[in-house]
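Q: Taking the hints into account, I'd like the entire structure generated from these sequences.
The sequence shown lines up with residues 806 to 962 when you count with the numbering used here.
Do not rely on the hints blindly, as some may be mistaken.
Distance ranges between label pairs, derived from CB positions [what the hints assert, rightly or not]:
#, residue 1, residue 2, range
1, 921, 819, 20 to 28 Å
2, 875, 840, 14 to 22 Å
3, 861, 911, 32 to 40 Å
4, 883, 839, 17 to 25 Å
5, 847, 878, 20 to 28 Å
6, 816, 853, 17 to 25 Å
7, 947, 869, 23 to 31 Å
FYI, nobody ran anything at the bench for these hints, they're computed from the structure. Every residue gets a Cβ at the ideal spot worked out from N, C-alpha and C, and that includes glycine.
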Amino acid sequence: MSGAYTTLGCPLGELLLTAEGGRLTGLFMPGEHVVPPAGAVRDDAAFATIRTQLAEYFAGDRSAFDLPLAPPGTAFRQLVWGELQRIGYGQTITYAELAARIGRPTAIRAAGAANGANPVSIVIPCHRVVGSNGSLTGYSGGLEAKRFLLDLERAGA
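A: Encoded structure:
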């Protein structure tokens, strides 16, 4: 599979999923106004595993994803996204904690920007990062979606 996409309905609305070479490159929330990459072909069958895993996640039966990922991004963003995947299901950390965890404690804004640029939301759980006072801050799918995901995880944790 190369340059594929599909859409998937979920409790948050319709997600757009993209992949390249059989690896997930994007999972975009409703309202992000992202379109499939030029030349990408709709291939619903190619996304069977992610469909199953997302259904399990939204049913409260899955706390971690096991998928080949290839989100495009700089080395710094990749570092941040790797750390996001280490945040436990139903847990949250602050942007300052995220920066400290990657060994760059003064790079709070840069870590926050990388978090916000995550193209594979839910699977790479950027929704688990909150403000320094525990408040919900920016999320590409909107704060209601972030609240929904955190509440879903806390109920199942």
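Q: Hint by hint, where does the structure go against what was stated? Just the numbers, ascending.
A: none
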